[in-house]
Amino acid sequence: MDLIYRLLLIEEVVYPIIIILIGFLVYFIVSRAIKGIFKSKISKVEQRHSKSLCNLINKILKYLIIIFCILAILEVFGISTGGIITSLGAVGVVVGLAFQDTLKDILAGFSIIFENKYAVGDIITVGTFKGKVIHLGLKSTKIQAINGEIKIVANSSITEVINHNLADSCEFVDVPVSYDTSIEKVEKIITKVIEKLQKENDSLLEAQLLGLETLDSSSVNFRVMLKTTTMQQYIVKREFLKLIKLEFDKEKIEIPYQQVVVHNARV
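Residue numbers (my numbering): 1 to 267.
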């Protein structure tokens, strides 16, 4: 009797522990292999969304291993899993009909990740809301605006999205000067500022003085094109304007501004 009891103890206690340990081992090995595969990718697009895709695959793998371990443990205790699997299939159909919207969101989440529409860290615009993707799940996406507001959008409702991270950014800056300023002098100063900015700012990919853009009522406007890495155009623009102002001050070049003239009428 002791021998039979010991064998039953081994079967009902030790085997489940072994199954769980094997499950952990399989998850650890496969998840490490998946991470290794994604690290070997070198293209910009793959690196951009590989983290989200890797996390998604690891989640699916984890749930599958948990299910297989539970079914294996039930078999150890003599519970037939065939009926359970059949029941789960029927329950799945009922759940699918009851949660159609949720399933749509999940399918849309797969589509977003596998089609590389956007990833965590990207700056996107959905409708009129623009911000940084801080969470990308199978059901919803969280976007944080520059003012801190967070918008949670169901994946199935994201039919059109603008991804600002898929290409370099470009900004056009107008530099106004007074009519009595030498055009050649202004062009030399702007060219000098561009060369200095290119040396000091790695985010600036290309800069070009396009020339005289408009002749306004009180100013002559030169246009400059600044091409930067993704979403760095505003920082580079501010630095460019700062350098322009400093150089204009040195050269005594006036930047026109609106003035109000008040006339005192005599009664």
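Think of the hints as simulated: they come from the structure by calculation, not from any bench. None of the values given here were measured: they were computed from a predicted structure. For every residue, glycine included, the Cβ atom is placed at its ideal position computed from N, Cα and C. Hints should not be assumed to be uniformly reliable.
Said to hold, decoys possible - Simulated crosslink set (DSS-like; lysine-lysine; CA at most 25 Å straight-line):
#: 1; residue 1: Lys-142; residue 2: Lys-196
#: 2; residue 1: Lys-130; residue 2: Lys-185
#: 3; residue 1: Lys-62; residue 2: Lys-130
#: 4; residue 1: Lys-130; residue 2: Lys-196
#: 5; residue 1: Lys-130; residue 2: Lys-237
#: 6; residue 1: Lys-130; residue 2: Lys-250
#: 7; residue 1: Lys-130; residue 2: Lys-192
Unchecked claim - Label pairs and their calculated CB-CB ranges:
#: 8; residue 1: Ile-235; residue 2: Arg-32; range: 33 to 43 Å
#: 9; residue 1: Asn-147; residue 2: Arg-223; range: 24 to 34 Å
#: 10; residue 1: Glu-251; residue 2: Phe-110; range: 37 to 47 Å
#: 11; residue 1: Ile-162; residue 2: Val-76; range: 47 to 57 Å
#: 12; residue 1: Gln-144; residue 2: Leu-71; range: 36 to 46 Å
How the hints compare with the structure:
{"no.": "1", "hint": "Lys-142 with Lys-196", "in the structure": "39 Å, violated"}
{"no.": "2", "hint": "Lys-130 with Lys-185", "in the structure": "40 Å, violated"}
{"no.": "3", "hint": "Lys-62 with Lys-130", "in the structure": "33 Å, violated"}
{"no.": "4", "hint": "Lys-130 with Lys-196", "in the structure": "32 Å, violated"}
{"no.": "5", "hint": "Lys-130 with Lys-237", "in the structure": "20 Å, holds"}
{"no.": "6", "hint": "Lys-130 with Lys-250", "in the structure": "39 Å, violated"}
{"no.": "7", "hint": "Lys-130 with Lys-192", "in the structure": "35 Å, violated"}
{"no.": "8", "hint": "Ile-235 with Arg-32: 33 to 43 Å", "in the structure": "38 Å, holds"}
{"no.": "9", "hint": "Asn-147 with Arg-223: 24 to 34 Å", "in the structure": "30 Å, holds"}
{"no.": "10", "hint": "Glu-251 with Phe-110: 37 to 47 Å", "in the structure": "59 Å, violated"}
{"no.": "11", "hint": "Ile-162 with Val-76: 47 to 57 Å", "in the structure": "54 Å, holds"}
{"no.": "12", "hint": "Gln-144 with Leu-71: 36 to 46 Å", "in the structure": "41 Å, holds"}
When held up to the earlier numbered hints, the structure conflicts with 1, 2, 3, 4, 6, 7, 10 and fits the remainder.
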